[in-house]
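J.: Residue-level listing of the chains:
There are 4 protein chains.
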Amino acid sequence: MEFEENGIGEECGVFGCVAAGEWPTQLDVAQILTLGLVALQHRGQESAGIVTSNGACPPTYTSSKGMGLVSSAFKAEDLMKHRYANLGIGHTRYSTTGNSELQNCQPFVVDTLHGKIAVAHNGELVNAAALRKKVMRHGVGLSTSSDSELITQLLALTPPMEEVDVADWVARIKNLMSETPTAYSLLVMYKDVVYAVRDPYGNRPLSLGRLVPVSKFHSSGGGEGDTEGWVVSSESCSFQSIGAKYYREVQPGEIVQINKHGVKTLSVVPRPEGDPPAFCIFEYVYFARPDSIFEGQMVYTVRQRCGRQLAIEAPTDCDVVSTVPESATPAALGYAQQSGLPYVEVLCKNRYVGRTFIQPNTHLRQLGVAKKFGVLSDNFAGKRVVLIDDSIVRGNTISPIIKLLKEAGATEVHIRVASPPIRFPCYMGINIPTKEELIANKPEFEDIAGYIGATSVRYLSVEGLVSAVQAGISSHQDKEERITNANTTSSRKVGHCTACLTGKYPVELEW
Amino acid sequence: MEFEENGIGEECGVFGCVAAGEWPTQLDVAQILTLGLVALQHRGQESAGIVTSNGACPPTYTSSKGMGLVSSAFKAEDLMKHRYANLGIGHTRYSTTGNSELQNCQPFVVDTLHGKIAVAHNGELVNAAALRKKVMRHGVGLSTSSDSELITQLLALTPPMEEVDVADWVARIKNLMSETPTAYSLLVMYKDVVYAVRDPYGNRPLSLGRLVPVSKFHSSGGGEGDTEGWVVSSESCSFQSIGAKYYREVQPGEIVQINKHGVKTLSVVPRPEGDPPAFCIFEYVYFARPDSIFEGQMVYTVRQRCGRQLAIEAPTDCDVVSTVPESATPAALGYAQQSGLPYVEVLCKNRYVGRTFIQPNTHLRQLGVAKKFGVLSDNFAGKRVVLIDDSIVRGNTISPIIKLLKEAGATEVHIRVASPPIRFPCYMGINIPTKEELIANKPEFEDIAGYIGATSVRYLSVEGLVSAVQAGISSHQDKEERITNANTTSSRKVGHCTACLTGKYPVELEW
Amino acid sequence: MEFEENGIGEECGVFGCVAAGEWPTQLDVAQILTLGLVALQHRGQESAGIVTSNGACPPTYTSSKGMGLVSSAFKAEDLMKHRYANLGIGHTRYSTTGNSELQNCQPFVVDTLHGKIAVAHNGELVNAAALRKKVMRHGVGLSTSSDSELITQLLALTPPMEEVDVADWVARIKNLMSETPTAYSLLVMYKDVVYAVRDPYGNRPLSLGRLVPVSKFHSSGGGEGDTEGWVVSSESCSFQSIGAKYYREVQPGEIVQINKHGVKTLSVVPRPEGDPPAFCIFEYVYFARPDSIFEGQMVYTVRQRCGRQLAIEAPTDCDVVSTVPESATPAALGYAQQSGLPYVEVLCKNRYVGRTFIQPNTHLRQLGVAKKFGVLSDNFAGKRVVLIDDSIVRGNTISPIIKLLKEAGATEVHIRVASPPIRFPCYMGINIPTKEELIANKPEFEDIAGYIGATSVRYLSVEGLVSAVQAGISSHQDKEERITNANTTSSRKVGHCTACLTGKYPVELEW
Amino acid sequence: MEFEENGIGEECGVFGCVAAGEWPTQLDVAQILTLGLVALQHRGQESAGIVTSNGACPPTYTSSKGMGLVSSAFKAEDLMKHRYANLGIGHTRYSTTGNSELQNCQPFVVDTLHGKIAVAHNGELVNAAALRKKVMRHGVGLSTSSDSELITQLLALTPPMEEVDVADWVARIKNLMSETPTAYSLLVMYKDVVYAVRDPYGNRPLSLGRLVPVSKFHSSGGGEGDTEGWVVSSESCSFQSIGAKYYREVQPGEIVQINKHGVKTLSVVPRPEGDPPAFCIFEYVYFARPDSIFEGQMVYTVRQRCGRQLAIEAPTDCDVVSTVPESATPAALGYAQQSGLPYVEVLCKNRYVGRTFIQPNTHLRQLGVAKKFGVLSDNFAGKRVVLIDDSIVRGNTISPIIKLLKEAGATEVHIRVASPPIRFPCYMGINIPTKEELIANKPEFEDIAGYIGATSVRYLSVEGLVSAVQAGISSHQDKEERITNANTTSSRKVGHCTACLTGKYPVELEW
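Residue numbers (the numbering used here), protein chains in the order written: chain V, 68 to 578; chain H, 68 to 578; chain R, 68 to 578; chain E, 68 to 578.
None of these hints come from the bench; they were simulated from the model.
Here the structure is a predicted model, which means the values were calculated and not measured.
Check the hints yourself; a few may be wrong.
When chains are identical, the list treats them as one kind, so a pair holds in a single copy or across two.
Unchecked claim - In silico DSS-like pairs for lysine-lysine, Cα to Cα no more than 27 angstroms straight-line:
1. Lys241 with Lys201
2. Lys416 with Lys312
3. Lys502 with Lys571
4. Lys450 with Lys312
5. Lys241 with Lys200
6. Lys201 with Lys183
7. Lys327 with Lys241
8. Lys331 with Lys312
9. Lys201 with Lys331
10. Lys183 with Lys200
11. Lys183 with Lys331
12. Lys470 with Lys509
13. Lys148 with Lys327
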């Protein structure tokens with residue numbers, strides 16, 4: 068719940084679309100991008116942008132950007148401008164304080180000697196500071212603090228523009244990947260192509276989908292001959308809303324070329340010998356939408372499995388199991404199934420509260436989250452409640468909920484957290500509080516139950532989380548990798564980044 | 068779900084607050100009104116308004132109104148204007164087409180010979196047309212089509228202004244009640260008093276709450292000596308968010324006076340001999356928030372009981388029970404408990420979709436609700452699903468959901484509806500489609516399952532609904548009525564309006 | 068200049084339009100109303116509204132209202148709603164503090180027993196308080212403080228609605244006129260007619276215009292057979308911008324009926340025996356646009372004549388004559404012509420300043436009007452300047468301008484004011500500062516030149532103003548009155564209200 | 068008038084401010100920048116931006132940008148962010164079609180190896196295309212089409228960043244000036260310095276001002292010891308509104324360093340041997356505000372002199388002289404003075420028209436400028452009018468005005484234009500219609516009087532314009548150049564760019 072309440076951990080979403088077949092297309096590429104971004108809105112609400120191309124030679128690029136939710140960032144007349152689009156990429160940006168300017172809004176477009184490129188990026192380059200210096204030493208001025216601009220300038224710099232006749236963007240992308248190991252899922256649009264790139268560690272997600280005729284969407288699918296276009300997205304949850312079917316994930320290190328002829332793997336850049344992949348485990352725990360598919364498994368199912376594992380690791384003698392809505396619900400249902408305790412709802416959410424501007428005075432501020440939740444006291448009065456949360460990060464939002472439940476008659480409130488305590492910062496793109504703010508690093512953590520007013524508190528173990536995540540992967544993974552004729556020699560095929568839990572980062576950090 | 072999707076059945080919410088003790092008060096009355104309205108936002112999103120009074124003699128009234136959600140209707144600087152408020156009333160208005168003007172926004176304030184009154188109203192006067200004629204025949208011009216203005220003019224007309232020295236508002240309110248039997252829950256503010264009035268049939272809800280010091284809110288409660296103020300609201304769900312405790316319902320026909328000295332019943336206007344009360348049964352089925360309390364029982368619990376009753380009346384041989392989120396969830400959990408079938412989630416909601424402005428083209432419009440829901444296929448693929456919905460009104464939104472589930476692998480999809488079919492119009496304030504639009508009145512209803520693509524469809528019976536609603540009432544009701552020294556002679560104490568289901572209206576309709 | 072700077076004296080503007088010939092009309096009535104109001108924008112910038120009718124039986128009324136300038140009050144899509152309009156009326160409202168609510172925005176529409184009427188009003192009823200009491204004693208609640216609502220309710224009350232079969236609006240309007248002598252220029256729309264009414268004293272202006280085909284607009288005119296429609300406006304300056312030609316003024320006390328068949332005088336309500344008309348003399352001095360025509364003469368010409376008269380009454384021994392732009396320019400040119408002194412510009416206006424939101428800090432606030440004007444020092448450095456202003460009311464804005472001129476090298480700055488000092492409040496619709504705020508009533512007025520830092524200060528005399536105004540009227544007036552078969556017995560045909568200068572009000576004030 | 072009506076010729080304005088004395092300053096730098104830009108608003112209304120620095124080491128830069136007028140581009144809370152500013156630069160941008168994006172809004176800020184620089188620019192680099200290629204060949208991607216970004220990247224590129232220890236911005240600015248001869252007036256902010264740069268030809272204006280204590284502003288001035296800060300602006304008209312006094316112009320080719328210690332000339336980059344300066348003559352004719360001072364003379368006075376010259380070159384036998392308000396008024400007064408004909412006003416402007424959104428239908432569109440002007444027919448009916456305009460460019464706006472005057476009774480309408488016909492494009496920053504659109508290049512120009520419906524049409528000669536401009540310069544110029552110890556060897560000190568009139572460009576154009 069704390070992520071949800073505090074905007075912790077929000078990051079970014081990228082989405083691309085290329086119409087298949089002969090152009091000009093009948094697909095409304097800008098609307099597909101917009102709807103795709105709406106389905107990724109949970110990944111970032113600060114700003115949104117799309118850039119489309121007609122794919123002609125030279126191409127005409129059209130751009131729409133704005134602050135806030137997709138629905139307020141674009142106006143209907145903005146979308147009209149894109150009516151000749153045959154392909155395009157889009158981006159939703161996460162919300163940080165202080166740096167919220169339209170000029171940081173992606174996709175970033177720059178003009179180069181070989182024409183314009185557009186870039187949308189999810190992630191954070193672990194060696195961004197060193198790369199910025201390098202670019203600036205070359206005499207380039209950087210107008211934003213965004214990694215996306217840095218990436219565009221790196222792409223423009225090497226190989227030297229003046230020495231080449233044509234723009235070999237694949238060479239440029241490979242060069243970029245050789246300079247920075249992680250974390251990035253990138254979309255690069257150039258003329259009539261969208262390049263979809265995932266870093267060698269696969270830290271950020273990226274999936275491919277296939278647009279099928281609506282008439283066949285609800286049927287069993289149709290062959291590839293029916294393909295109306297290709298989409299690529301941070302999460303597969305965005306496919307259904309635009310009538311696309313899940314195709315496969317972009318593999319770690321893979322460079323996929325998407326154009327009107329289809330999807331083609333151009334290269335798979337390997338990790339250093341012996342390094343496992345490092346897909347962010349918190350995509351499973353919190354960030355992703357429950358209906359997204361990663362590594363062949365539905366996120367919802369993994370969360371449910373975490374709840375089951377939690378019930379094994381930290382059982383309770385309670386009367387009912389419940390959840391802090393909405394993100395912890397699958398884990399709570401898993402806990403209920405495993406423990407055999409009945410699942411009930413103890414809180415209902417007022418979906419309008421979040422939008423109110425009111426700065427309550429002392430009287431009202433003390434009520435805390437009471438404004439956000441209604442208490443369903445009939446369901447638990449006089450009972451012992453085990454409440455499942457997905458994470459406790461700073462520890463300041465669960466406390467008033469426990470008070471509410473006790474005041475409404477819960478005799479005991481046991482907290483079970485379906486993820487381990489966060490103890491370390493993330494340098495791969497997730498907005499996590501400073502080490503000092505994390506409750507797990509504070510003295511109060513010694514008696515966390517007392518601190519938040521719970522009868523007891525238990526977290527899922529790191530091993531438990533990893534096993535719950537990896538239990539559903541292996542067989543699928545092999546199949547996917549065969550699809551992408553990957554000539555990688557990585558010794559292991561499965562692996563996840565647990566740096567924020569363990570302090571073990573997938574690559575050595577250089578500052 | 069259909070109510071939720073289509074805005075069917077939205078109505079209005081009223082909220083009032085009076086600071087207790089000596090004035091000027093330290094309570095931020097305008098913020099309490101605002102937060103109270105936010106908690107009633109589900110009852111109407113078209114416009115919002117508050118009017119406050121400093122309660123002095125003569126009083127100064129301050130008014131803020133605006134279109135849209137409470138959060139956009141008022142600006143922070145608007146609320147500043149109310150800083151001397153000691154009491155006030157507020158209103159959220161439901162959304163109808165074509166008549167969406169700020170001047171219809173309530174509360175309605177008029178100046179009379181005896182000073183200004185402010186009126187907020189939830190409901191619809193069944194004989195509004197006749198009353199409008201009467202008022203206009205007297206030579207009054209009516210500037211809006213709202214019942215609220217009509218009520219203010221009726222209050223001003225009788226007894227004749229010129230013949231009385233003082234404003235006997237209770238006499239005026241009683242006279243109003245003698246002219247119109249239902250449906251109204253009214254707040255009337257005059258100088259330093261808020262009168263809370265519920266029509267003799269109790270068709271619309273109205274509850275009283277007591278503001279307690281925040282320091283004591285989470286304790287077991289404190290005596291009445293701790294009362295910081297009184298609130299009155301369409302639904303008790305709004306009390307928690309402003310630090311108030313549920314006190315009791317306003318009884319059918321009751322006129323309650325709320326001033327700084329407390330709450331007092333001035334009169335209870337009886338119904339005609341033999342008429343039972345007629346509280347709108349759809350408040351239980353759909354309109355109210357699940358944590359609201361009516362007739363001594365929590366709405367959530369009633370919905371759960373409806374689900375249990377439905378499982379008895381219309382069992383299925385399925386593998387899993389699920390819900391169309393979010394309003395049908397309690398009924399689904401009740402169905403699961405009664406039937407013993409496991410409860411799973413099959414859909415997750417994209418909470419951002421509703422706000423998007425996009426008018427999709429043909430391609431995308433055909434996807435229908437696919438944009439609003441993610442499919443959690445792992446939870447039901449290869450299984451028989453019984454899907455609980457709270458209502459099927461027009462029958463046009465459940466169909467694409469059934470398609471989605473089948474396409475994702477459900478082998479059977481049985482629909483169970485936790486309320487009976489709606490067949491008749493409502494003349495008491497609920498926005499229901501025309502008789503012709505209601506699926507229950509169409510030939511297609513003969514084979515409703517075939518029409519919507521379900522394996523089977525069953526509705527809850529009227530008797531089942533009524534018994535599920537009334538099962539939890541009686542003992543409580545007696546207690547409440549003793550509180551309000553009601554000298555009514557109504558033969559029956561419990562009764563609900565089921566007119567939209569049965570065509571039996573609580574009063575004879577005169578047009 | 069002070070009026071211009073401080074918004075003193077703004078009032079309201081009314082505008083009506085009726086399409087001639089067979090309906091439905093091809094005229095875009097809503098656009099004509101909108102452009103007409105834009106041309107009256109100088110009379111009020113707080114809010115604007117239009118109400119149109121299709122003129123059918125029963126009619127459909129359509130209404131658009133909004134805060135601010137006409138250009139922001141209406142949106143393009145608002146105007147679309149009026150596409151079936153055959154007639155309509157509009158209003159721009161002046162800006163007062165504290166009472167700036169959309170619900171006070173005119174035209175006011177009410178539903179009566181005989182159907183809807185719409186009213187737009189410029190002026191202030193001198194006996195409004197007594198009339199409000201009367202209406203409220205009848206049991207009517209008044210929802211606004213506007214005279215316009217009061218007028219609608221008075222129209223609805225008498226003769227008694229219940230006793231008449233048809234709505235005799237002329238009888239109702241005459242009854243209204245019998246109850247209040249001044250000040251009002253009214254437009255009343257009912258079904259397919261606009262009634263244009265001017266109070267018996269003619270205190271507020273009202274003129275009729277004739278819409279001619281654009282093809283003939285620039286020709287010498289065309290006969291009445293070419294009439295495309297009729298317009299009625301507070302000022303004739305609005306006619307040119309919508310392609311209309313000046314027809315005549317509505318006479319004091321006249322009730323004009325405008326429908327598709329043309330313009331017809333229904334009645335001329337006389338003044339009490341011996342009372343002269345009392346057209347507001349400040350319409351000439353400041354309020355009206357210079358190209359408007361009243362009583363047969365152009366306002367610009369009257370202002371120029373005031374300047375000439377001022378040169379006669381208060382000559383100076385200066386080198387150059389100039390003006391505080393823009394309203395005093397005609398008077399300054401008149402002064403220059405009469406005195407033989409050369410006319411130069413000493414200030415240029417920054418037209419963007421007015422729109423800036425900046426609340427300057429101490430440093431910048433002290434600069435006063437320096438922000439609004441550029442100084443054209445070459446034109447007067449080393450010279451003696453006589454600066455013509457149209458009025459000095461509070462005396463707080465001319466002072467910094469004199470400083471600017473002296474600092475830029477003017478050796479002497481003589482102020483000549485083309486109107487007498489304002490000493491009394493207006494009860495007929497003009498927003499004038501309180502008696503205490505008027506510089507003419509303060510001790511400082513003894514040495515006004517010293518107070519504002521001028522070398523000398525002289526005002527135009529009341530007699531001088533009246534003669535400058537009336538010099539151009541008489542012959543014309545006779546002609547107009549013959550047109551309107553006026554059976555009035557008023558002893559005098561010419562007369563102006565100078566109450567704010569002399570304290571002599573046209574009617575006895577009753578409070 | 069045509070410039071005014073059509074937005075022809077708008078360009079940009081730059082403004083900078085540095086607080087003098089010890090920092091932190093008490094000056095509200097952001098408000099001074101804002102007011103300064105408001106006074107330059109006539110130079111561009113598309114967007115506005117300011118960037119301030121606290122001048123610390125390293126500095127903190129704060130930026131506010133927005134679309135539209137200054138008053139809508141910045142919000143009050145935006146300005147709060149700048150409360151620690153000790154220096155800053157700002158920009159107003161002109162309006163072109165199609166490229167109106169916030170990301171083109173200046174000042175442009177980039178991060179370089181030596182820290183951030185901010186650049187604001189007025190003008191257009193004549194060799195921009197070649198320079199863009201050069202920069203991109205170096206591997207730099209350009210994210211906008213603005214010359215301002217190009218300038219920042221050129222400044223960053225040379226001398227090579229990697230080879231220098233410190234940022235020698237003067238060397239970098241000189242290098243930039245060696246690569247592009249014109250047209251630019253530049254402000255470059257770096258840490259605690261604003262560099263003010265004017266191109267060697269002095270094509271665009273740039274002036275320095277001195278902020279004095281308000282207490283001394285209206286006195287005769289105070290010595291430099293009273294200096295509170297320094298400002299630099301495209302036009303001196305902005306000085307008065309922020310309490311600054313005109314100091315001097317930045318000389319062609321001069322690089323001025325402004326910091327808290329004062330103003331210092333760092334270098335004066337010479338023009339090629341024999342080349343005269345080339346200050347844009349249309350700054351005098353139209354662009355600049357009349358109270359601005361260039362080359363020691365007030366713009367108003369030059370325009371008046373053009374009017375006098377026009378009266379000599381193109382006399383008429385008319386009854387009255389008048390103007391199309393407002394920009395041609397000084398020329399009209401000059402014409403009147405020289406010719407001895409009386410000056411009258413024939414048109415008054417409706418200042419609200421410009422803001423209205425209405426897209427009139429056929430009927431109303433034909434009325435053309437009739438909506439914008441009121442006709443003061445009394446002043447010219449039955450007379451011969453000579454109407455002075457400042458320019459006729461496309462020739463499509465004067466025609467309906469002539470019609471209006473004739474229709475209102477003018478017996479003859481002679482047009483006299485106070486500038487020569489524009490025949491050639493401008494490549495130095497002015498938005499001029501294409502060669503084909505210019506009336507002077509069309510066959511219709513043969514009979515321009517007939518084409519626009521005038522009795523006769525005459526333009527000022529190029530020689531007449533140049534002599535009217537240069538008549539007031541020489542003595543002053545010498546004085547100024549001595550102030551700025553200019554070691555230039557330019558043979559001539561006075562010269563103006565008349566390229567749009569003659570086709571003779573100040574530098575050879577390379578494309």
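J.: Taking the hints in turn, state whether each one holds.
T.: Hints, verified against the model:
1. Lys241 with Lys201: both (17 angstroms within a copy, 25 angstroms between copies)
2. Lys416 with Lys312: between (32 angstroms within a copy, 19 angstroms between copies)
3. Lys502 with Lys571: within (15 angstroms within a copy, 65 angstroms between copies)
4. Lys450 with Lys312: between (45 angstroms within a copy, 21 angstroms between copies)
5. Lys241 with Lys200: Both. Shortest intra-copy (20 angstroms) and inter-copy (25 angstroms) distances satisfy the 27 angstroms Cα cut-off.
6. Lys201 with Lys183: both (22 angstroms within a copy, 16 angstroms between copies)
7. Lys327 with Lys241: within (23 angstroms within a copy, 49 angstroms between copies)
8. Lys331 with Lys312: within (17 angstroms within a copy, 63 angstroms between copies)
9. Lys201 with Lys331: neither (32 angstroms within a copy, 35 angstroms between copies)
10. Lys183 with Lys200: both (24 angstroms within a copy, 13 angstroms between copies)
11. Lys183 with Lys331: So Lys183 and Lys331 pass the 27 angstroms test inside one copy only (22 angstroms; across, 42 angstroms).
12. Lys470 with Lys509: Classified as within: same-chain Cα gap 22 angstroms, cross-chain 51 angstroms, threshold 27 angstroms.
13. Lys148 with Lys327: For Lys148 and Lys327, only the intra-copy Cα distance (21 angstroms) is at most 27 angstroms; the inter-copy one is 44 angstroms.
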